[in-house]
Amino acid sequence: MNLKNIFLSLLFIATSLTLTAGDTINGAGATFPYPVYSAWAFNYYRATGVKLNYQSIGSGGGVRQIKNRTVDFGASDAPVKPAELKAGNFLQFPAIIGGVVPVVNVKGLKAGQLKLTGEALADIFLGEIKKWNDPRIEAINRGLTLPDSEITVVHRSDGSGTTAIFSTYLSVCSGDWSRKVGKGKSVNWPVGIGGKGNEGVANYVKRVNNSIGYVEFAYAKQSKMTYVKLKNKSGRFVEPSFEAFKDAAAGAKWNPDTGYYLWLVDAPGDGSWPIAGASFILLGKEKPGVNRRVVKFFEWAFKNGDATAEKLIYVPLPKLLKSSIQDYWKKNGID
Amino acid sequence: MSKQNLTDYKDTLFRVITFGAAMVVLVVIVGIFVSLVEQSLPAIRKFGFFHFITTPIWDPVHEVFGAASSLYGTIVTTVLAMAIAIPVSIGIAIFMTELCPNFLKGAMGTAIELLAAIPSIIYGMWGLFTLAPIMGNTVEPFLQHTIGKIPYLGSLFSGTPLGIDILTASTVLSIMIIPFMASIARDTFMLTPQVLRESAYGIGATRWEVIRNVVLPYSKGGVFGGMVIAMGRALGETMAVAFVLGNKHQIAHSLLDASATITVTLANEFTEADSNMYMASLFYLALILFVMSFLTLAAAKFILKERSAP
Chain A
22 MNLKNIFLSL LFIATSLTLT AGDTINGAGA TFPYPVYSAW AFNYYRATGV
72 KLNYQSIGSG GGVRQIKNRT VDFGASDAPV KPAELKAGNF LQFPAIIGGV
122 VPVVNVKGLK AGQLKLTGEA LADIFLGEIK KWNDPRIEAI NRGLTLPDSE
172 ITVVHRSDGS GTTAIFSTYL SVCSGDWSRK VGKGKSVNWP VGIGGKGNEG
222 VANYVKRVNN SIGYVEFAYA KQSKMTYVKL KNKSGRFVEP SFEAFKDAAA
272 GAKWNPDTGY YLWLVDAPGD GSWPIAGASF ILLGKEKPGV NRRVVKFFEW
322 AFKNGDATAE KLIYVPLPKL LKSSIQDYWK KNGID
Chain B
6 MSKQNLTDYK DTLFRVITFG AAMVVLVVIV GIFVSLVEQS LPAIRKFGFF
56 HFITTPIWDP VHEVFGAASS LYGTIVTTVL AMAIAIPVSI GIAIFMTELC
106 PNFLKGAMGT AIELLAAIPS IIYGMWGLFT LAPIMGNTVE PFLQHTIGKI
156 PYLGSLFSGT PLGIDILTAS TVLSIMIIPF MASIARDTFM LTPQVLRESA
206 YGIGATRWEV IRNVVLPYSK GGVFGGMVIA MGRALGETMA VAFVLGNKHQ
256 IAHSLLDASA TITVTLANEF TEADSNMYMA SLFYLALILF VMSFLTLAAA
306 KFILKERSAP
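Protein sequence lines, in the order shown, are assigned to chains A and B.
Letter by letter, the first sequence follows residues 22 to 356 in this note's numbering.
Letter by letter, the second sequence follows residues 6 to 315 in this note's numbering.
Note that these hints are calculated values from the structure, not bench results.
Possibly wrong hints are sitting among the right ones.
Covered by chain A, according to a simulated footprint, are these stretches of chain B (three or more residues, beta-carbon under 8 Å) [claimed, not checked]:
id	stretch
1	58-66
2	251-257
3	277-283
For glycine and all other residues, C-beta sits at the position ideal for the given N, C-alpha and C.
With the hints as extra help, turn the sequences into a complete structure.
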């Protein structure tokens, strides 16, 4: 190879590098929405030729990375508080909705047979209700025979958005829970055993008789676990379903002025499933050029990505919320 | 430039390059230490040292952090894993050097090396999906019905056997460190001069006597070194135990309880740690583990040196 050839190939490599850099959107954060973001990214690339590189390093890492502006967008399963949005000069909006479903393994119980309230669920996870035939459970389930056996509680051993949503729900429903344990991505569990990841919790619940745990909606659905019905804010017992999650999202009061800061738990609405949560996107406010490219991706996903999301058992945002987010973008100088 | 000068120049250059390469190690170690200290400073300031290592509470919601439970789990799982692994690996090494028929030697040696080459995450998944059910359904109920009935000792096996506990984690750990210990012990056994062995056999010693009185004393140092290396590995092992220990921050009295080690805590909680004090406390844990591993290896080096000194 002569010098000229080497020079030319170097030039070629350099230009292709800069080209890819210009055509790639870099994001990092939450693990929960990773499957749907990467499916959207694949379709988006086929439609537009723009690549999206999403690293699922965890919500905590996502927030830190966008704080340092080392990525184009960060993603978090928990909404960032308005005060922190201001301090970090962030824009925040929800992109996809998921939910948490309590699952049980009690001999003879089929999916949807057992009914629980938020208070009862909190008492079980506090270790106050120790047996399945506790009067507090039987009072809700007239006509259902429950065994006189100890309940084994299964929770997540790793920090996760799922735990954040679940513990927030328990805090809303029970003063005791809120005082003794509180809400967070990992909490100091009073009782129970810990499984790593949804697969860990699902594995224990399936194996251990008389156990109860909580997993993501998609996980409960795919592995056909015995879910329970929960009492929602309107006093109805609902099953976890796409409609129930959509109702929860539609009934909630989303406020663009606070960066859509909202925990989607115990949401109003007759059909609402009470334990849901949105996964959020964070942008650096001072970078309209970069943000335009990111927003274009999500605009495209909002328009064309609902079917993909539902196939992966995620709940797409309701229409009204989508148009509110588009206004939010415009208001902040991105369109 | 004369030829002599050129050689000198090359010599110097070579020295500088190798010196630089050697310095990389030192710089990296010091760099890691400094950054661990820097990152954990808020936690060190808030909790102090003795208070931190004696507090068994780990409550991210209220930002109360203590390392006692993780330290306890780290030490208990490591000690238990060593207790299982030492006899097994010395047995393997004796069999392979003294008793094994030649046609088996190659195959067994390769099998042990393969065991050492399996990535630890695979041990973790295997532990969760295969070993934990076996432990929870068969081994642990059996232990409860036998040893569990003995007073005092029995309390080590109290509780509901679920297979996600200290015993399972230690078993996985021991399987992981056996290949290291066994192959180092085997290599040191082989270093025993053939003359010594032959002389012992010559004066009528039995096989057992040769192993007990010639081979083992001769290779004490090497076997001990192998144990310490294996212990260092057990202290820092993460993925193999992250799935089967439950990450529960408690001082467990029963081997059938869930627990947490420092590495398990880091692996489970690092990605989602959101508050600054939470991050700092995790770094503080990492710093403690760093110092612990360092001290273990330093102590081993020191003891080995003492022993080999005349």
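*Are there hints from earlier that the structure breaks, and if so, what are their numbers?*
none
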